[in-house]
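K.L.:
Residues per chain are reported as follows:
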Amino acid sequence: MKELLIKNGLVTALLTTGLLMLASAWISARLTGKKIPMAAIAIFAGLLMAYMGGMYTHGKNGIADVGIFSGFTLMGGSMLRDFTIVATAMGATFDEMKKAGWAGFISLLLGVLVAFFAGVALALAMGYEDVRSLATIGAGACTFIVGPVTGAAVGASSEVIALSIAAGVFKSIMVTIATPWVARYIGLNNPQSAMVYGGLIGTTSGVAAGLAATDPRLVPYGAITATFYTGLGCLLCPSILYLILQQLI
Amino acid sequence: MIYGIAVLSACFLLGQLIGTWLGQWLGIDANVGGVGFAMILLILSNQWLRTRKLFTADMEGGIVFWSNLYIPVIVAMSATQNVKGAISGGWMALLAGTIPTALCVLLIPVLSRRKPNDPIEKAQA
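Heads up: the protein sequence lines correspond to chains A and B, in order. Note that the first sequence covers residues 1 to 249 in this note's numbering. Note that the second sequence covers residues 1001 to 1125 in this note's numbering.
These are calculated hints, taken from the structure and not from any lab test. Keep in mind that a hint or two might mislead.
For the chain B half of the interface with chain A, some residues (derived, Cβ under 8 angstroms), not all of them [unchecked claim]: (1) Leu1008; (2) Cys1011; (3) Leu1014; (4) Gly1033; (5) Ile1071; (6) Pro1072; (7) Met1077; (8) Thr1080; (9) Asn1082; (10) Ala1086; (11) Gly1097; (12) Leu1103; (13) Val1105; (14) Ile1108.
Ranges between beta-carbon positions, derived for each pair [claimed, not checked]: (15) B:Phe1065 x A:Ser78: 16 to 22 angstroms; (16) A:Leu48 x B:Leu1054: 42 to 48 angstroms; (17) B:Ala1010 x A:Leu113: 50 to 56 angstroms; (18) B:Gln1047 x A:Gly67: 43 to 49 angstroms; (19) A:Ile244 x B:Ala1010: 38 to 44 angstroms; (20) B:Ser1009 x A:Ala23: 30 to 36 angstroms.
Every residue, glycine too, gets a C-beta built ideally from N, C-alpha and C.
Assemble the whole structure, with the sequences as input and the hints as a guide.
P.N.:
Right, dumping it as structure tokens:
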């Protein structure tokens, strides 16, 4: 039985996810009166599974480190994630995207700058003093990819790099959980604000999951700006922003 | 249906290729906006095929199938995150992950409240 499940890993993952979402739909309808969307509950349940997987195996890949759930690596990996995000573009139109225009571009730039310098300020407050660690933690506040890329480029210690990854993962998880709750207060209900949101927040997995939990129709708009964020962060953090930081400190 | 999936796959791979090239051209070892380019390509080919009446309901079904799988894939992705690692990163990681993000969230209404006829939109048009 166990061997069968491991051998057909992807199918096992599809079945597990289906059951998880069925249970989430039930909880959403019966226990919350549909106030909390099914997707939000399912994603939270996924995070919980990841935590349990980590506790059980001490691995880094959440539930996928548990043998019978290894299919989650493929199903939740970047290939299928990006492929399905691209497919959502079927529901998007150019006219809506044009409306975000400059606001979308400015949000990308501001998103990287604000996250980086706020991260640096926090690291300073927590007692970090060398420029390499500061830049790496600031980059980790962008995404969990920008952090290690910057850390490796400027030669930060492996503890600081690990910390920057943890910060980025935290960001992604926080965004996932918080987006449906704050959406109402920040006007996140139309394609334009979704594009601005994607640019400012930038962590593709968090943005995609957060928007899916808020309103799936917004996903393509948020994703299209967020997809440029990590690239921009990897470009700016170890170069211009690192040099600016050197001058300041 | 497979034709629709093929169109989607072609857009996806081409977008990733452009993203990788852009990354190399900028001198960074990362894919810059590959997904974004792929999405733009898909919207363009969708329009192009539609105006020539080459886009069948069957093809659309192939693409819609994958876009409907999107939330399950995100749920699976959540289940493979290093949640334990994030929590064991301690306060520094928690603060660095949340406070800068909260600041960015506060900026969203500022940037998106512009109406379509605001100067910033006109300048672009």
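K.L.:
Against this structure, judge whether each hint is valid.
P.N.:
Here is what the structure says about each hint:
{"no.": "1", "hint": "Leu1008", "in the structure": "holds, 6 angstroms"}
{"no.": "2", "hint": "Cys1011", "in the structure": "holds, 7 angstroms"}
{"no.": "3", "hint": "Leu1014", "in the structure": "violated, 11 angstroms"}
{"no.": "4", "hint": "Gly1033", "in the structure": "holds, 4 angstroms"}
{"no.": "5", "hint": "Ile1071", "in the structure": "holds, 5 angstroms"}
{"no.": "6", "hint": "Pro1072", "in the structure": "holds, 5 angstroms"}
{"no.": "7", "hint": "Met1077", "in the structure": "holds, 4 angstroms"}
{"no.": "8", "hint": "Thr1080", "in the structure": "holds, 4 angstroms"}
{"no.": "9", "hint": "Asn1082", "in the structure": "holds, 5 angstroms"}
{"no.": "10", "hint": "Ala1086", "in the structure": "holds, 4 angstroms"}
{"no.": "11", "hint": "Gly1097", "in the structure": "holds, 3 angstroms"}
{"no.": "12", "hint": "Leu1103", "in the structure": "holds, 5 angstroms"}
{"no.": "13", "hint": "Val1105", "in the structure": "holds, 6 angstroms"}
{"no.": "14", "hint": "Ile1108", "in the structure": "holds, 5 angstroms"}
{"no.": "15", "hint": "B:Phe1065 x A:Ser78: 16 to 22 angstroms", "in the structure": "holds, 20 angstroms"}
{"no.": "16", "hint": "A:Leu48 x B:Leu1054: 42 to 48 angstroms", "in the structure": "holds, 46 angstroms"}
{"no.": "17", "hint": "B:Ala1010 x A:Leu113: 50 to 56 angstroms", "in the structure": "violated, 36 angstroms"}
{"no.": "18", "hint": "B:Gln1047 x A:Gly67: 43 to 49 angstroms", "in the structure": "holds, 46 angstroms"}
{"no.": "19", "hint": "A:Ile244 x B:Ala1010: 38 to 44 angstroms", "in the structure": "holds, 41 angstroms"}
{"no.": "20", "hint": "B:Ser1009 x A:Ala23: 30 to 36 angstroms", "in the structure": "holds, 32 angstroms"}
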